[in-house]
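Start from the sequences, fold in the hints, and give me the full structure.
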Amino acid sequence: MEITNEKKISFQKYFLVLLFTLLIFGSGFFLSDYVTKKRIAQLNDLQQNLRTDILSLETQFSILNQAPCANLNESTLTNELYDISQKLMSVGSSLGENDEQFLELKKYYSILEIKHWLLLQRAADECKLPLAFIIYFYEDGKNCPQCEDQGYILTYFREKYPFLRIYSFDYDLELAALKTLKSVFRLKDGTPIMVINNDAYYGYKSKEELETILEKYVKLETLEEKETATSTSATSSKKSSR
Amino acid sequence: MPISEIFIYLGTFVALYFGILIFITLYENRRRLYEKDTGGFLPVISIILPCFNEQGNVEEVLQSLVSLDYPKDCLEIIAVDDGSRDNTLSEMLAFQKKYPALKVLCKKNGGKHTALNFAIPQAKGEIIGTIDADCFAEPDALKQMLKYFTGPEVAAVVSTIKVAQPKNILEGVQYAEFMVSAFTKKMLSFLGSLTVTPGPLTLFRKETFDLVGPYKKAYMTEDLEMALRLQSHNLKIACSWEAAIYTKGKRTLKELSHQRLRWQRGFLLNLKDYLGLLNFKQHGNLSFLLAYSVLGAILSVGLMGITIFQFAKTVASNIDNAWLIKFDIKPFLSLKNLDWSLLAINPLTAMGIIALLMVLLFMYLGKRFTFDKSRVGEKMLVWIFVYPFLNAAWWVLTTASIISGKEIRWK
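Heads up: the sequence lines are chains U and X, in that order. If you use the numbering used here, the first sequence corresponds to residues 1 to 242, in order. If you use the numbering used here, the second sequence corresponds to residues 243 to 653, in order.
Check each hint, because a few of them may be wrong.
Derived list of chain X stretches under chain U, where covered just means 3 residues or more per stretch with a C-beta under 8 angstroms from a C-beta of chain U [as the list claims (entries may be wrong)]:
#1 301-313
#2 520-527
#3 591-604
Derived CB-CB ranges, DEER-like [claimed, not checked]:
#4 X:T549 x U:Q48: 35 to 43 angstroms
#5 U:S75 x X:L639: 21 to 29 angstroms
#6 X:R617 x U:G141: 46 to 54 angstroms
#7 X:Q305 x U:K13: 40 to 48 angstroms
#8 X:R273 x U:Q12: 53 to 61 angstroms
#9 U:L173 x X:R617: 53 to 61 angstroms
#10 X:F631 x U:D199: 50 to 58 angstroms
#11 X:A564 x U:K13: 49 to 57 angstroms
#12 U:D33 x X:D311: 56 to 64 angstroms
#13 X:K514 x U:G141: 43 to 51 angstroms
#14 U:K13 x X:K514: 38 to 46 angstroms
Hint data in this document are derived by calculation from the structure and do not stem from the laboratory. Please read these numbers as outputs of a predicted model, since none were measured by experiment. All C-beta atoms in this analysis are idealised placements derived from N, C-alpha and C, irrespective of residue type, glycine included.
Shown next as C-alpha cells:
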C-alpha cells in the first residue's frame with residue numbers, strides 16, 4: 001500500500017477563500033449601511049412632507065375658527081404624527097439616542113406635538129370632540145428608571161382608549177418651546193410627570209392608579225366603547241411611550 | 243461594539259470562511275466528483291456485521307447484505323455476535339439456515355472493536371467492509387464504492403449515510419443533517435481531511451489493518467479513531483456519493499443526544515490522542531480543518547448561548563410589560579402595533595441570512611449530488627432552527643462529561 005504525500009496545504013487557496021469571505025462579509029455591511037442611510041433619507045423626506053402637513057394643519061386651524069367643525073380631519077394628522085414617531089424611534093436605534101441628527105429630528109417632532117396638542121385642545125372645545133389629553137415627560141433610564149415602564153403603560157392606554165391623546169416629551173431636551181410648556185404647567189423636576197387637563201402628576205403611576213386618575217376627568221368606559229379606526233396619540237413607542 | 247456582537251460577527255465569519263472553502267473545493271474538483279467504473283475490479287469482499295443486542299434489526303440488515311448486487315462467490319458475509327443477551331444469535335442462526343453461506347461468529351461481550359478484531363483475521367476478502375446492524379445498503383453500494391479504490395494509496399472508501407424513511411421531526415432533523423454531511427464529507431475527502439470511517443458502511447483494503455493495526459476501543463468511537471489513524475499514516479480515505487447506506491434515525495431526543503455525546507466526546511478525546519495531526523507542515527488541510535472544527539464548536543456554543551440569552555431577555559421583558567398592564571394584552575393585538583423596525587436589515591441579520599442560505603445550499607447540494615429522492619422539505623426547515631441549539635447543547639454536555647471523567651456507554 002502506498003502512502004500519499006498529498007497533504008501539502010495550499011496557502012494561495014486559503015488566501016483566496018479569505019478574500020471571498022471578506023468580499024461577502026463586506027457586502028453584508030455595505031447592504032445594511034445602505035439600508036440605514038436610505039431609512040434616514042426617507043425620514044428627511046417625511047420631515048419635508050410634514051412641513052407641508054403642518055402648514056395644512058395650521059390652515060385647517062384657521063378655517064376651523066370660521067367654518068364648521070366637520071372640516072377638521074383630525075385622524076389623518078394624528079396618524080401622520082404617529083408614523084413620524086415610529087420612524088424616529090427606528091432612526092434613534094440605528095444612529096444612537098445621542099446622535100445630533102436624531103436629536104434635531106426629535107426637537108422638530110416635539111414642536112409638532114405641541115402644535116398638534118394646541119390644535120386638538122381647541123378643536124375639542126369648539127367642536128365638542130370627545131378627546132382627553134395627557135402630556136407625558138420622561139427622562140433617560142439613568143435619571144428615571146421607571147419612565148420605561150410608565151411609557152409602556154401609556155402606550156397601552158393609547159391603544160385601549162382611542163380618544164385619548166398622549167404627547168410625550170424628553171424632559172431634558174434643549175428646546176425653547178418645551179421650556180415654555182414646562183413653565184406654563186409650573187413643572188418641577190421629578191420624572192415621570194403626567195399633565196392631565198392642567199394638573200401635574202409626579203412619579204410612577206400603575207395601570208390602576210392611572211385609571212383612577214383619568215376617571216376624574218373622563219368616563220373611561222365611554223371612550224373604550226367608542227373605538228373607531230382612528231389611530232391615536234402622537235407618542236412613539238419602543239417600550240416607552242415617547 | 244458589544245462583545246456579543248463581536249462574537250456573532252466572528253462566528254459568522256468563521257462559518258462563511260468554511261462555506262467558501264468548501265465551494266472552492268467543489269469548483270476545483272467539479273470534473274472528478276464521481277468515478278466512472280470499477281474497471282473490472284471485483285475482488286472478494288468480506289462484510290463484517292458486529293452485533294450486540296440487535297434482536298429485531300439483524301434480519302433486515304442481513305437481508306440487505308445477501309441482496310447486494312455483487313457476485314455471490316466473491317462476497318463473504320460475517321455476522322459476529324458480541325455476547326448479546328437477547329435473541330440476536332438465534333436470529334443470526336435462523337437466517338443462516340436460509341443462507342448457509344452466512345458465517346456466524348460468536349464471542350464473549352467485549353465491545354464493538356473486539357467483535358471487528360475477532361472477525362477481521364478470519365475474513366477471506368481482499369477488501370473488508372464493516373456495517374452496523376441498524377443499517378441497510380442499496381443493492382449497488384459495493385460496486386459504487388469499489389470504483390474509488392483507484393490506486394494503492396486509497397486505504398478506505400466511505401459510503402453516503404442517509405436516514406431511512408424519516409417520519410417524525412427528529413428523524414427529519416437527522417435526515418437534513420446527514421444531507422449536509424454527505425455534501426461536506428465528499429469535499430473533505432478531496433481535501434484529504436475525512437476524520438471518520440463510519441460504522442454504517444466503510445470498505446478497507448485488508449492490508450490496511452496489517453499496516454495500521456486492529457480497531458481500538460477509542461472512547462466508543464472506534465470508527466473515528468480508525469480514520470484519524472489512517473490519516474496519521476498519510477493514507478487516503480475516499481468518499482462515494484453514489485453508494486447509499488440507510489440508517490435508522492434516532493427516534494427520541496434522549497437516544498439522539500446519547501449518540502451525539504458519544505461522537506463528540508470521541509472526537510475530542512481521540513483528537514487529544516492524535517495531536518500530531520495538528521502539525522500543519524505534515525498534515526496540511528487536515529490540520530487546518532481539525533483546528534477549525536474545534537474553533538467552530540467553541541463559537542457555536544457561544545453563539546447559541548448569546549441567542550438563548552437574548553431570547554430569554556426579550557421574553558422576560560415582555561412578561562414584565564404584560565405584568566404592568568395586568569396581562570390585558572388585547573389592545574396590543576393589532577397589525578399596526580407590529581414593530582417593523584425589527585425586520586429591518588442590519589449587519590447582523592444580513593450575516594444571519596447569508597449563513598442560513600449557505601446551510602440550505604449545502605443541504606440542497608447534498609440531496610442533488612447523492613441522487614436523493616426523499617421528500618421531507620418542511621422537516622428540513624425545522625432543522626435549520628433546531629439543530630444549532632441541539633448541537634451547542636451537546637458540545638456543552640460533552641465538555642462537562644470530559645471534565646467530570648464520566649464514561650458514556652454504547653446503549
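Hints versus structure:
Counting residues of the stretch 301-313 of chain X whose C-beta lies closer than 8 angstroms to any C-beta of chain U gives 0; at least three are required, and the coverage claim is violated. Counting residues of the stretch 520-527 of chain X whose CB lies closer than 8 angstroms to any CB of chain U gives 5, so the stated coverage by that chain holds, three being the minimum. Given a C-beta distance limit of less than 8 angstroms, the hint that chain U covers the stretch 591-604 of chain X holds, as 4 residues qualify and 3 suffice. At about 40 angstroms, the CB distance of T549 of chain X to Q48 of chain U agrees with the hint of 35 to 43 angstroms.
Between S75 of chain U and L639 of chain X the CB atoms are about 57 angstroms apart, so this pair departs from the stated range of 21 to 29 angstroms. Remark: the range hint 46 to 54 angstroms for R617 of chain X to G141 of chain U is upheld by a beta-carbon distance near 52 angstroms. Our hint of 40 to 48 angstroms for Q305 of chain X and K13 of chain U holds, since their Cβ atoms are close to 45 angstroms apart. Checked against the hint of 53 to 61 angstroms, the C-beta distance between R273 of chain X and Q12 of chain U comes to roughly 20 angstroms, which is inconsistent with it.
Separation of L173 of chain U from R617 of chain X is about 59 angstroms and conforms to the stated range, judged on CB atoms against 53 to 61 angstroms. A beta carbon spacing of about 52 angstroms between F631 of chain X and D199 of chain U agrees with the range 50 to 58 angstroms that was offered as a hint. Between A564 of chain X and K13 of chain U the beta carbons are some 54 angstroms apart, a value that agrees with the proposed interval 49 to 57 angstroms. Under the hint 56 to 64 angstroms, the C-beta atoms of D33 of chain U and D311 of chain X, about 58 angstroms apart, fit the expected range.
At roughly 48 angstroms, the beta-carbon separation of K514 of chain X and G141 of chain U lies within the given 43 to 51 angstroms, and the hint holds. For K13 of chain U and K514 of chain X, the Cβ-Cβ distance of about 28 angstroms falls outside the hinted range of 38 to 46 angstroms, so the restraint is violated.
Violated hints, listed in ascending order, are 1, 5, 8, 14; each of the other numbered hints is respected by the structure.
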